[in-house]
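A.B. asks: As they're listed, the protein sequences go chains A and B. Counting in the working numbering, the first sequence tops out at residue 159, every number present. Counting in the working numbering, the second sequence tops out at residue 159, every number present.
Just so you know, these hints were derived from the structure itself, not from any lab. Just to be clear, a hint being listed does not mean it is correct.
Identical copies look the same in the list; a pair holds intra-copy or inter-copy alike.
[What the hints assert, rightly or not] PhoX-like mimics (lysine-lysine), calculated; alpha carbons at most 20 Å apart, straight line:
1. Lys118 / Lys140
2. Lys140 / Lys155
3. Lys143 / Lys155
4. Lys115 / Lys44
Number of protein chains: 2
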Amino acid sequence: MINNNTYFQIELTARRIRQYGQNVLKSQGIDITIEQWLVLNVINENEYTNQIYVGEKLVKDKPTISRMVNQLEKKEFIIKTTSFKDSRKAELSISKKGKKLINNLYPIIEQIRLTGLNELSKTEKENIRIILEKIRKNLDH
Amino acid sequence: MINNNTYFQIELTARRIRQYGQNVLKSQGIDITIEQWLVLNVINENEYTNQIYVGEKLVKDKPTISRMVNQLEKKEFIIKTTSFKDSRKAELSISKKGKKLINNLYPIIEQIRLTGLNELSKTEKENIRIILEKIRKNLDH
DNA sequence: TAAAATTAGTTAGCTAAACAACTATTTTTT
DNA sequence: AAAAAATAGTTGTTTAGCTAACTAATTTTA
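When you get a sec, could you build the whole thing from the sequences and use the hints?
C.D. replies: What follows is the structure, given as structure tokens:
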């Protein structure tokens, strides 16, 4: 039975959360995707980082990060320059517009998080983290 | 911290499972994606069904199903005809080639499933299902 | 130091998700 | 029966994930 399939459940839930979050952002007139938000957040927590680092944090490959970074730059939420030390590397930082967005976003993201995790006990939150980690570990190699 | 983010964990795990499964299929020389497999499976369990039904089962929208069905038809795994009773509806069935593929796939899919769920107790499997359901329910409305 | 290997990032091509707008057919309403 | 609404499916557009192939710069090694 397909609805008992764990992959199906996990994938569906991921889609559902993304969709819900996206709708909330849209309703607030915020022009950013959930995935772009994750990128923005990594850059915010690691100013002047490069794309490889962002990719490592988010476990996404170079082309995906490259495109998302370009989107964020186009939207003027980040500033992308070339490193003096190593001209292969990009140096990513948050623009003023980006900082403003982030400040607006924090409570909204927190609200989305709380909605999704509503009625989940602390144990359940910990359990799901542990179980998902186990699954990923099972698939590593 | 981003790595504590539940959405991130769920979405990452979904990606990891898909990626792992895709690699196994590729290594077996099987020309189908994991998502296409899910569609094929629904059709196999509901011969002569239509695209709306497949979409309901997989919780995917019409365009997504439409395109995946077309891929499966192009690969000659399914046969798509128009319903006599209602010419708006497609009638989807598995071709001989498709049946052969499915028979080859069942043990491989089962193997992927077992690898992913390895070392998970029955309770853990049930727990994750319950928790994911709760999250989705939280987001419904 | 010159050649080889590694690293950072981009471009191209494919699949899939989500949305909007559309066609065609069937069903409901008046 | 004609008009309106609902249903099934398609097409177009955008974002993202993944692979492969590429450029350019830096580091390693011989």
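A.B. asks: A separate judgement is required for each hint: does it hold in the structure or not?
C.D. replies: Here is what the structure says about each hint:
1. Lys118 / Lys140: neither (32 Å within a copy, 47 Å between copies)
2. Lys140 / Lys155: between (23 Å within a copy, 18 Å between copies)
3. Lys143 / Lys155: both (18 Å within a copy, 15 Å between copies)
4. Lys115 / Lys44: within (18 Å within a copy, 44 Å between copies)
Of the numbered hints given earlier, the model fails hint 1 alone.
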